[in-house]
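Take a look at the letters that make up each chain.
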Amino acid sequence: MKMGGMSPTERSSLLFSVLATSATPLVTPIVPTPLISLKDVTITYEGADLPVLSGINLDIFRGEAVLFLGPSGCGKSTLAMLCAGLIPRAVEGQVTGQVWRHAELERPGSIGYVFQDPDTQFCMLQVDDELAFGLENLCIPSLDMRARMDAALTAVGLSTFKRARHEHFSGGMKQKLAIATALTMSPGMLVLDEPTANLDPRSTQQVFQQIVRLRRQGQTLLVIEHKFEALVPWMDRVVLFNRGGQVVFSGPIRETLTAHWHWLVEQGVVSPWQNPPSPVTSDAQIHPLAVSRTSSETQQGWTFPGGNTRGTGSQKTASSVSQVPAVCATKGERTAFALWDGELYYGVQRVWTGVSFNIPEGSFTAIVGPNGSGKSSLLQVLAGLQRLTSGTVEAYGKALKDWKAKERTQLLSFSFQNPEYQFIYERVGDELANRMVGDKVPAEISQLLAEFGLEKTTQQSPFALSQGQKRRLSVAAMLRDSHRAYLLDEPTFGQDAHTQQVIMEKMERLHEAGSTIVMTTHDMDLVRRFATHVLVLVPGKLRFVGSSQELFTQPEIMQEAHLLADQAVAEEDSDRGSCDSVADEQQQVSSDQWGVVDTQVRRGWTHSLNPPWHLLFTLGAIGVALVAHSLAQALAVFLLPVVLMLAAARLEPLQVVKRLSPFLAFYILYVWSMTAYAKVSPGTPVIHILWMHLSFPGFILGLILALRMLATVSFGLLLISSTDITNLVVGLSQNFHVPPKFAYGTLAGIRFAPLFQSEWVKLRQARQLRGKDARWRAMRPITYALPLLTQAVRMSERVARAMEARGFFGPPADLPQGRTYYRSVRVHWWDFAYGIGLMAVVATLLLVIH
Amino acid sequence: MNWKLRDIVLAVIFSVVCGAIYMGWDWLDNLVFGTWSPALQGIVNGMWWIASGLVAYIIRRPGAALFAGFASAFFEFAFGSPYGTGALISGLVQGAGAEAGLMLGGWRHYNAWMMMLSGAAGGVGNTVQWLFQYQGIHYSFSTQVGYFVLTIISGALLAGLLAKSVADALYRSGTLNNFAVAMQKRVHGQ
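Chains as they are written, first to last, in this note's numbering: chain R, 1 to 850; chain P, 851 to 1040.
Treat the hints as calculated values from the structure; they're not laboratory data.
Don't take each hint at face value.
In silico contact screen, one side only, chain P against chain R (beta carbon under 8 Å); selected entries [what the hints assert, rightly or not]:
| id | residue |
| --- | --- |
| 1 | R910 |
| 2 | G956 |
| 3 | W957 |
| 4 | R958 |
| 5 | A962 |
| 6 | L1026 |
Here are a few chain P residues that sit away from chain R, every Cβ distance over 12 Å (derived from the structure) [claimed, not checked]:
| id | residue |
| --- | --- |
| 7 | L881 |
| 8 | W886 |
| 9 | I893 |
| 10 | F929 |
| 11 | L942 |
| 12 | L954 |
| 13 | N961 |
| 14 | Q979 |
| 15 | I1003 |
| 16 | A1017 |
| 17 | M1033 |
| 18 | H1038 |
So the derived label-pair ranges between C-beta atoms look like this [to be verified]:
| id | chain 1 | residue 1 | chain 2 | residue 2 | range |
| --- | --- | --- | --- | --- | --- |
| 19 | R | P754 | P | I987 | 36 to 42 Å |
| 20 | P | V978 | R | V827 | 30 to 36 Å |
| 21 | P | V978 | R | Y346 | 52 to 58 Å |
| 22 | R | Q410 | P | I987 | 56 to 62 Å |
| 23 | P | V999 | R | R107 | 45 to 51 Å |
| 24 | P | V999 | R | I687 | 26 to 32 Å |
| 25 | R | I687 | P | I987 | 37 to 43 Å |
Just so it is clear, CB atoms sit at the ideal spot from N, CA and C, and this is done for glycine as well.
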């Protein structure tokens, strides 16, 4: 696959000799060194009929910053993954043509890769472990790791978070951490593959600032970004892709964008209402250090084109201003939704409190605010999917809970952020018709499919559609029946300009026809263009209710709600930005350890046990404990781990009781089964009820069983409360020679345990909204399994890809001794003393007690 | 060892999902069925090793069923199953059973019959544990036979056929293109 013909180095040396003869012999001419060179490359994915990319010719030079631009699904990421060597190693694909990489890029980890989804590119639980993972793959000695980790964390402004767990980081922090993990490995080139797609405007800005900083340091960059405007001054070259997966234009960024702007609009890469960048090459390009003002002017020029294009004037004047509680309907206007003193808590965590507002009928209302401020929850409250902790919510003059389920499905329509949650059929045609139609797709359904450009997919699985197609299908499903209100959770999330346009035009048409539209979004351009009213949430409360015009005159609110992405991307703010978030995030990151069981405050000596050996000896001990066959023995083997929990693991008695109590009801059932069904010797008095025969010996057998089960649970609690999961998994490689692939792969998967709980809740909510006819179908296990498991498959692929991008392949992944270890998990004599002692004590108890 | 990293991560994430399902199943099984008849309990048992069938069918590697069986049980345990560390033993014996079933086909055949055999073999592991750990030996012989037969049928249906049908639906959704199931289906059609 590699090489063949003349390599670029050879070509450049040829070029060199030509230049050398024509120039003054003493001056060494500067010849750009290509890092990557592709010639006539075609890539076809496994199972696909057509290549995703074809005829690609591209050189990337050292120190260059290249932007890839094209419609969704055009193969930009594929090409970036090819450059990074992830195709065909980590992702299956047929590659033809010549791919040449400079020798310095052949070292593992020498091409850093930051992916779009902040949640699926980590494989450890703690920040320091995460950074160390890549260094371990490079076999850096553990003593040298700290300096490199500190340097990378400082570079992205996360140095105070070294010991934090990153699961509760904001999206922006996660992306900065992802950049840091790449930087620790001193990459020759860094690929950023839509790093801000899932981020709110301010987090986006934080990431952009980071990109600018890297650019200034001369880092070679390959950036894929839909919201590319702010980056224009910092990029050298743009490569434009068409829908068919070909590179059509490539050249200096400003000139190329300006020259082909019309084409970009046509391809659906940029919205028709966007303006091209100013064609002048600004100082920015030549003196990147002197820039922030220039770029901010350029920015202003094109992110705010023509101001408002909103429809009817009547609603715009409505509303009282800014301070909550506030109401945005004026007299005479009817109210679609109203909320009084709304309060929402998840467990003990406050989402928001004191939220009151009216949404006028016929308005186009946007709910905006930073990531995690509870926008989606608010929208769900309005749809009756999420109950308020306290307060009332009304829809069309009647408390929402008084609407019958059936009436409510007719009244309003809801679209989830992840369209897959709503799908319950295995064919697009059935899904849209909301019943099995097979090949006989009704005319009105075909028409709707055609309107959304889905006519060719009628027989496909909805899950097999592209992101854009899925979103269009879910919006088409909303339009199948008419409703008075349409609620949409981030309808344009992750969509290219074309799909955005299709969706927003439909919504605008519904709005014009008098329907009420409420949507959450991060995109202030959409708010400016379409929304008549805006609700601004900031963490904990509602910050603003009013017309969107008013909002744009109050920059301080926009600043507070992280809505100002349009500012200049300058390095200076970034430290302040990250400091702001430190306080909020710091409290969140000190959360529990297993996602289920609380972390210990006090630590007993069982914590110093080697985790894998501890697990093994625990299994041994419960194996011996199974022999317990009298009540006294069973009681003894149950009390042993309880004593150890109190004395050795230093748990509070109350904690132990609290943790064991949920199981009591369960064991009572077991006692009952034995009492009612145990085989008894003839002559034993029994009580006959129905087909059961209750007996006293059976009851005792049941108690023994229950105590034995309590013993296994207690041994388990003892193990869990003294074990750090990372040490357990890393120890498997270090002490038991489990291939790191299995150990670290397992740890990567464990991270998703808490995630599925929330996915499950969302899935159930989405099912509530299906009409009655479809409900029996929604009950089928397969319709639950599909959305959850397709998600799981995609996550697995992304995580594995991200791990391989950090050098986790070959010996570091296959051989325990093929890598270094940041954490050293040791085995000591006391591990055996404890383990053998434990089993001996259990055995002795059983021998002594009868 | 020809496992790909994505195979391992998929096995683990599926095990997480299945571990959560097992938690709910623990209660359903005992409450709804166990109280009425210990033998009847067997009919829903197969769910407890569905991870073995599901993962093995998708990634098709020797050891997949055992690995997923143990991993899913480990998560069930970590989520706070009433079976405690007993769940780990279940994971081992049921996973080993399911693995043994697939081994009989040389880890090459993954048709409906093979999957049912594997699911049924998982039921053997389950029954052995039930007899010795959960006082099964104290029930009457007929109850034991009833439990065994129902468990095997349940294993064949839930851990075998249901697992296969879920995985096939996933395959149709196009998300499994990078896994062995899709590659073998393209070549052999099964």
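Against the structure, the hints:
1. Given hint, R910(P) at the interface with chain R, is violated; its Cβ is 15 Å from that chain's nearest Cβ, farther than 8 Å.
2. For G956(P), the shortest C-beta to C-beta distance to chain R is roughly 23 Å, which exceeds 8 Å, and the interface hint is violated.
3. Because the smallest distance between the Cβ of W957(P) and any Cβ of chain R comes to about 18 Å, over 8 Å, the interface hint for this residue is violated.
4. The criterion of a C-beta within 8 Å of any C-beta in chain R is not met by R958(P), whose closest approach is roughly 20 Å, and the hint is violated.
5. Hint on A962(P) is violated. Least Cβ distance to chain R is approximately 16 Å, over the 8 Å limit.
6. At a threshold of 8 Å, the smallest CB-CB gap from L1026(P) to chain R is about 6 Å, leaving the interface hint in force.
7. Non-interface call for L881(P) relative to chain R: violated, since the shortest CB-CB distance, roughly 6 Å, does not exceed 12 Å.
8. The Cβ of W886(P) does not lie farther than 12 Å from every Cβ of chain R; its closest approach is about 9 Å, which violates its non-interface assignment.
9. With a least beta-carbon separation of about 15 Å from chain R, I893(P) lies farther than 12 Å from that chain, consistent with its non-interface assignment.
10. The claim that F929(P) lies off the interface is violated: its Cβ sits roughly 6 Å from the closest Cβ of chain R, which falls inside the 12 Å cut-off.
11. Some Cβ of chain R comes within 12 Å of the Cβ of L942(P); the nearest lies about 9 Å off, and the non-interface call is violated.
12. Distance check for L954(P) against chain R: the nearest CB is about 25 Å away, which clears 12 Å, and the non-interface claim stands.
13. A cut-off of 12 Å between C-beta atoms confirms that N961(P) is not in contact with chain R; the least separation is 20 Å.
14. Q979(P), annotated as away from the interface, has a beta carbon of chain R within 12 Å; the closest lies near 10 Å.
15. The non-interface label for I1003(P) is consistent with chain R: the shortest C-beta to C-beta separation is roughly 18 Å, beyond 12 Å.
16. The beta carbon of A1017(P) is not kept farther than 12 Å from every beta carbon of chain R, the shortest such distance being approximately 9 Å.
17. Residue placement check: M1033(P) does not keep its beta carbon more than 12 Å from all beta carbons of chain R (closest about 7 Å).
18. No Cβ of chain R comes within 12 Å of the Cβ of H1038(P); the nearest lies about 14 Å off, and the non-interface call holds.
19. In this structure the supplied range 36 to 42 Å holds for P754(R) paired with I987(P), their Cβ-Cβ distance being about 40 Å.
20. The supplied range of 30 to 36 Å is met by V978(P) and V827(R), whose beta-carbon atoms lie about 32 Å from each other.
21. For V978(P) and Y346(R), the hinted distance range of 52 to 58 Å is not satisfied, since their beta carbons lie about 43 Å from each other.
22. At about 59 Å, the beta-carbon gap between Q410(R) and I987(P) stays in the expected band of 56 to 62 Å.
23. Range check, V999(P) to R107(R): Cβ separation about 59 Å, and the 45 to 51 Å hint is violated.
24. The beta-carbon spacing between V999(P) and I687(R), approximately 29 Å, falls within the hinted interval of 26 to 32 Å.
25. As the Cβ distance of I687(R) to I987(P) is approximately 23 Å, the hint placing it in 37 to 43 Å is violated.
Going through the hint list in order, the structure does not satisfy hints 1, 2, 3, 4, 5, 7, 8, 10, 11, 14, 16, 17, 21, 23 and 25.
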